[in-house]
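Produce the complete structure using the sequences and hints provided.
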Amino acid sequence: MFRITSTPLDPDALRREMLDLRAGGFVTFEGRVRSRNEGLEVRALEYEAFRELAEKEGERVLAEARDKFAVLSAACAHRVGTLQLGDLAVWVGVTAEHRAEAFGACQYIIDELKRRVPIWKKEHYATGASVWVAGRGEAGEPARGIKEKDKTGAGGQSARNPGGCG
Amino acid sequence: MKHVHVQYFALLREQARRAEESVETAAATPAALYQELAGRHGFTLPVGRARVALDGELAAWDAPLRDGVRLVFLPPFAGG
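Protein sequence lines correspond, in order, to chains A and B.
According to our numbering, the stretch in the first sequence is residues 1 to 166, in order.
According to our numbering, the stretch in the second sequence is residues 1 to 80, in order.
The set of hints was computed from the structure by calculation and includes no laboratory data.
One or more hints might be untrue.
[What the hints assert, rightly or not] Quick list of simulated restraints, FRET-style, between CB atoms:
1. B:E57 to A:T5: 16 to 26 Å
2. B:A60 to A:R16: 39 to 49 Å
3. B:G68 to A:A70: 16 to 26 Å
[What the hints assert, rightly or not] Taking lysine to any residue pairs in the SDA-like style, the calculated list, with each CA pair at most 20 Å apart, reads:
4. B:K2 to B:R40
5. B:K2 to B:T44
6. B:K2 to B:E24
7. A:K56 to B:F9
8. A:K68 to A:G25
9. B:K2 to B:Q35
10. A:K56 to B:T29
11. A:K56 to A:R115
12. A:K56 to B:A53
13. B:K2 to B:R66
14. A:K56 to B:Q35
15. A:K56 to A:E112
16. A:K56 to B:A59
17. A:K68 to A:F26
18. A:K56 to B:A27
19. A:K68 to A:R99
20. B:K2 to B:A27
21. B:K2 to B:V52
22. B:K2 to B:T25
23. B:K2 to B:L54
24. A:K56 to B:E57
25. A:K68 to A:R115
26. A:K68 to A:I110
27. A:K68 to A:E112
28. A:K68 to A:F103
29. A:K56 to B:R70
30. A:K56 to B:L54
31. B:K2 to B:R70
32. A:K56 to B:L58
33. A:K56 to B:G56
34. A:K56 to A:R116
35. A:K68 to A:A100
36. B:K2 to B:G56
37. A:K68 to A:G104
38. A:K68 to A:R43
39. B:K2 to B:V23
40. A:K56 to B:V52
This one's a predicted model, so the numbers in the text were calculated from it and none came from an experiment.
Cβ atoms here follow ideal geometry from the backbone N, Cα and C, with glycine treated the same way.
Right, here's the structure in full:
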């Protein structure tokens, strides 16, 4: 199950959908909006998605994770809209008989999501400036910032670690 | 001339000042159409940094541009 949603993510409800008596391990990743990125104080994040392709590509990532790792189930949900500090932006959950496969699949899913799923985020800073974060362009391309003209000049990050959560 | 339905997201949506538009174009490829629209809307993103989707799937910049296609220009992804 891969889901793009504009309503707040509920980790308890998401985990309940995955409980399985065969699962000796249950690994989750929760990506949350953090207060600083590249030395700038962040006030809020705005996410948007190309939903048609994002849901297809997200399902492909989950299917690949199920193929590559011995997992029982894998799921992911990503929020869109305006998020405040601490809000949950993305949730990944994996159940497996053993922990190593669950950890591996969880990491694979979040890494591939960031690289391949058409979702964007705009950081709104305490200074009043805002910038679209540039994570990945072509496959495998390192992260770089997009310079967006703004009145305070708070843009053009040279981000190796793109902003947002996780 | 062909008719293309174009959709924009994030940085490109803001620079185009619209989320979508219908364009009549003689462009043979998505790359040529991007250059044409970049001139019209003032896109700052080089074509090599963006990606393109045709009818809901990622496509090559030099794919043939067919009449009636749904095209989406995608800035670098930043989910998570």
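Cross-check of the supplied hints:
1. A beta carbon spacing of about 22 Å between E57 (chain B) and T5 (chain A) agrees with the range 16 to 26 Å that was offered as a hint.
2. The hint said 39 to 49 Å for the Cβ distance between A60 (chain B) and R16 (chain A), and at roughly 42 Å that hint holds.
3. Distance hint check: the CB atoms of G68 (chain B) and A70 (chain A) are about 45 Å apart, inconsistent with the given range 16 to 26 Å.
4. With a C-alpha separation of about 18 Å, the suggested pairing of K2 (chain B) with R40 (chain B) holds against the 20 Å cut-off.
5. Taken as a hint, the K2 (chain B) and T44 (chain B) pair is broken in the structure, with Cα atoms around 25 Å apart against an allowance of 20 Å.
6. Our distance criterion of 20 Å between C-alpha atoms is met by K2 (chain B) and E24 (chain B), whose separation comes to about 5 Å.
7. As the CA atoms of K56 (chain A) and F9 (chain B) are separated by approximately 17 Å, the hinted pair is consistent with the 20 Å bound.
8. Of the supplied pair hints, the one linking K68 (chain A) and G25 (chain A) holds, its CA atoms being roughly 17 Å apart against a limit of 20 Å.
9. A hinted pair counts as satisfied when its Cα atoms are at most 20 Å apart, and K2 (chain B) with Q35 (chain B) qualifies at roughly 16 Å.
10. Straight-line distance between C-alpha atoms of K56 (chain A) and T29 (chain B) comes to about 24 Å, which puts the hinted pair past the 20 Å bound.
11. For the hint linking K56 (chain A) to R115 (chain A), the alpha-carbon distance of about 14 Å falls within 20 Å, and the restraint holds.
12. This hinted pair checks out: K56 (chain A) and A53 (chain B) have alpha carbons roughly 13 Å apart, not beyond 20 Å.
13. Annotation: proposed proximity of K2 (chain B) to R66 (chain B) holds, straight-line Cα distance about 7 Å (limit 20 Å).
14. Under the criterion of a C-alpha separation no larger than 20 Å, the hint pairing K56 (chain A) with Q35 (chain B) is inconsistent with the structure, at around 28 Å.
15. A C-alpha spacing of about 13 Å is found between K56 (chain A) and E112 (chain A), which places the hinted pair at or below 20 Å, so the restraint holds.
16. Note on K56 (chain A) and A59 (chain B): the hinted pairing holds, with a Cα-Cα distance of about 15 Å set against a maximum of 20 Å.
17. For a cut-off of 20 Å, the pair hint linking K68 (chain A) to F26 (chain A) stands: about 17 Å separates their Cα positions.
18. About 28 Å separates the Cα atoms of K56 (chain A) and A27 (chain B), which puts this hinted pair outside 20 Å; it is violated.
19. Proposed proximity of K68 (chain A) and R99 (chain A) is supported: the alpha carbons are some 15 Å apart, at most 20 Å.
20. Between the alpha carbons of K2 (chain B) and A27 (chain B) the distance comes to roughly 8 Å, so the proposed pair stays at or under 20 Å and holds.
21. Between K2 (chain B) and V52 (chain B), the direct Cα distance comes to roughly 18 Å. Compliance with the 20 Å bound is thereby established for this hinted pair.
22. In summary, the hint linking K2 (chain B) to T25 (chain B) is supported, as the alpha carbons are separated by about 5 Å, within the 20 Å threshold.
23. Restraint check for K2 (chain B) and L54 (chain B): the C-alpha separation of about 15 Å stays at or below 20 Å, so the hint holds.
24. Restraint check for K56 (chain A) and E57 (chain B): satisfied, since their Cα atoms lie roughly 9 Å apart, inside the 20 Å limit.
25. Restraint check: the Cα-Cα separation between K68 (chain A) and R115 (chain A) comes to about 18 Å, which is no more than 20 Å; the hinted pair holds.
26. With a CA separation close to 14 Å, the supplied pair K68 (chain A) and I110 (chain A) stays within the 20 Å bound.
27. Distance restraint check for K68 (chain A) and E112 (chain A): the Cα-Cα separation of roughly 13 Å lies within the 20 Å cut-off, and the hinted pair is therefore satisfied.
28. Distance hint between K68 (chain A) and F103 (chain A) is fulfilled; the C-alpha atoms sit about 12 Å from each other, no more than 20 Å.
29. At roughly 16 Å between alpha-carbon atoms, K56 (chain A) and R70 (chain B) fall within 20 Å of each other, so this suggested pair holds.
30. The suggested pairing of K56 (chain A) with L54 (chain B) holds, with an alpha-carbon distance near 14 Å, which does not exceed 20 Å.
31. Only pairs whose Cα atoms come within 20 Å are accepted, and K2 (chain B) paired with R70 (chain B) is accepted, the gap being roughly 12 Å.
32. Using a Cα cut-off of 20 Å, the hinted pair K56 (chain A) and L58 (chain B) holds, with the two alpha carbons roughly 11 Å apart.
33. Between K56 (chain A) and G56 (chain B), the direct Cα distance comes to roughly 9 Å. Compliance with the 20 Å bound is thereby established for this hinted pair.
34. With a C-alpha separation of about 11 Å, the suggested pairing of K56 (chain A) with R116 (chain A) holds against the 20 Å cut-off.
35. The hinted pair formed by K68 (chain A) and A100 (chain A) meets the criterion: a straight-line CA distance of about 12 Å does not exceed 20 Å.
36. Proposed proximity of K2 (chain B) and G56 (chain B) is supported: the alpha carbons are some 19 Å apart, at most 20 Å.
37. Of the supplied pair hints, the one linking K68 (chain A) and G104 (chain A) holds, its CA atoms being roughly 9 Å apart against a limit of 20 Å.
38. Between K68 (chain A) and R43 (chain A) the CA atoms are separated by roughly 38 Å; this puts the pair beyond 20 Å, and the hint is violated.
39. Among the hinted pairs, K2 (chain B) with V23 (chain B) is consistent with the structure: their alpha-carbon atoms are about 8 Å apart, no more than 20 Å.
40. Between K56 (chain A) and V52 (chain B) the alpha-carbon distance is near 15 Å, which keeps this suggested pair within the 20 Å criterion.
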